[in-house]
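Asks: What follows is each chain in one-letter form.
2 protein chains.
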Amino acid sequence: MTQETRVTAAMIVIGDEILSGRTKDVNIGAVADFCTDLGIDLTEVRVVSDEMDAIVEAVNALRQRYTYVFTSGGIGPTHDDITADAIATAFGVALPINAQARDMLEARWKQTGTEVNEARLRMARIPEGADLIVNSVSAAPGFRIGNVHVMAGVPVIMRAMLEALAPTLKGGKKVKSVTVKAAVGEGTVGGPLAALQEQYPAVKMGSYPQMGHGKVMTELVLRSSDEALLAEAAEKVRAMVAAAHEKAGVAPPDSE
Amino acid sequence: MTQETRVTAAMIVIGDEILSGRTKDVNIGAVADFCTDLGIDLTEVRVVSDEMDAIVEAVNALRQRYTYVFTSGGIGPTHDDITADAIATAFGVALPINAQARDMLEARWKQTGTEVNEARLRMARIPEGADLIVNSVSAAPGFRIGNVHVMAGVPVIMRAMLEALAPTLKGGKKVKSVTVKAAVGEGTVGGPLAALQEQYPAVKMGSYPQMGHGKVMTELVLRSSDEALLAEAAEKVRAMVAAAHEKAGVAPPDSE
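Chains A and E, in that order, give the protein sequences.
Counting from 1, position 247 in the first sequence corresponds to residue 247 in the UniProt record's numbering; the numbering is continuous, with no gaps.
Counting from 1, position 73 in the second sequence corresponds to residue 73 in the UniProt record's numbering; the numbering is continuous, with no gaps.
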């Protein structure tokens with residue numbers, strides 16, 4: 001993969017409830033899958049608290065370094081929802097009520113008979129120069145400013161926002177993967193796998209022990225954007241694993 | 001909570017498989033719960049790839065800043081398990097085979113008839129000056145060097161290592177929490193909650209919309225290490241929520 005085709009991303013999960021353990025994050029996995037599908041290389045994730053300095057520091061560190069930044073959390077109507085404030089601070093722009101966002105919210109509130117108040121109007125504050133990320137689940141929009149995409153923390157809303165912004169992102173060259181299952185331990189295949197990794201530096205090889213199956217199992221995962229090279233390397237890994245099975249006198253796992 | 005009693009922590013999750021979405025992390029939640037139980041304030045989490053520079057940078061940034069650092073992942077026997085190498089580099093120390101770790105591993109391998117080879121012996125390489133973190137699930141130890149605690153990525157092993165190191169950690173003043181359930185939306189309680197937050201700065205108030213219950217529900221979570229103050233603030237929040245229920249003409253949720 002050349003430098004030109006590599007598209008990178010970082011994610012920032014914002015929320016005390018994740019750091020206290022009260023809420024278990026599922027958005028990292030969703031963004032990871034989303035990026036992999038688009039050929040975007042998610043390179044780093046940070047989870048930070050609902051503190052202005054922590055959010056600003058993470059946003060400014062990561063938006064310089066990666067093609068895209070995705071954030072989740074902190075865009076609701078309560079005082080601890082300070083993501084929009086922090087993003088405006090990070091970019092040095094104002095945070096006015098956005099007319100389009102206000103219209104979207106008020107239209108929804110009219111349908112549901114919800115009172116318009118100051119807390120709810122917090123959700124219409126959008127940094128100057130940002131585009132809205134609409135979502136079909138709640139009427140409250142996320143937004144994009146520069147390369148930073150600000151989304152809700154509620155998983156179903158965050159996923160709707162990802163769908164909405166997908167067409168606006170450029171993908172990289174897609175990385176394909178091949179999984180080879182071995183009925184021996186990581187320690188058995190570790191040496192020969194390292195030798196194959198050296199032989200195929202453009203194919204990234206990972207090894208993952210599978211626990212809780214009542215028998216020893218290891219999954220070897222090969223990734224590359226070069227399909228021909230990936231197939232060649234996978235053939236070598238399969239042969240190496242077959243030899244390891246034979247040496248250990250064990251049957252290969254049922255399927256790959 | 002005074003500065004003296006505040007004990008902080010950061011976590012580093014190491015592994016390409018988390019960033020690609022292939023594996024969904026559950027260790028962040030486990031470490032978050034663990035810290036909360038001990039009165040340790042988990043303040044930041046980073047997920048980084050299996051790259052030397054990325055791991056070293058995260059370790060050196062976070063170990064300066066927090067009382068403790070916990071890492072998960074990358075201590076297995078294969079070439080992509082480079083956490084021990086990265087920690088040794090971050091601390092500027094050698095990474096020799098540790099005799100105690102080797103003995104523990106060899107004893108287990110003898111029991112299971114597992115061959116000793118170079119790949120498996122990678123797991124006995126421990127940075128100079130580190131103490132082992134033993135675990136009952138696998139024989140491969142984690143280790144502690146300075147304030148950095150290096151653990152396995154396999155969740156059941158990581159949790160066993162957390163149990164092993166718990167007695168070695170100093171806890172902070174325990175933070176208690178009270179949850180108040182409201183049958184109105186976040187936007188309805190947002191304004192009065194912000195006013196109460198200003199009145200009780202030592203009680204951290206968070207607001208979490210509950211989706212998928214078929215009706216509007218919000219949980220307000222109050223946290224403080226000062227129990228009397230927490231009880232006082234909770235009483236005020238309950239009264240505020242009761243008034244909101246009455247104004248909206250809705251019944252309070254079944255239980256708190």
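Worth double-checking, as some hints may not be accurate.
Pairs count within a copy or across copies, as identical chains cannot be separated in the list.
For lysine-lysine, the following DSSO-like pairs were computed, each having C-alpha atoms within a straight-line distance of at most 30 Å [claimed, not checked]: (1) Lys215 <-> Lys110; (2) Lys176 <-> Lys215; (3) Lys174 <-> Lys247; (4) Lys204 <-> Lys236; (5) Lys247 <-> Lys110; (6) Lys24 <-> Lys236; (7) Lys110 <-> Lys176; (8) Lys110 <-> Lys181; (9) Lys170 <-> Lys181; (10) Lys204 <-> Lys170.
It should be emphasised that the hints constitute simulated quantities derived from the structure, not laboratory data.
Asks: Among the hints numbered above, which are violated by the structure, and what are their numbers in rising order?
Replies: 3, 7 and 9
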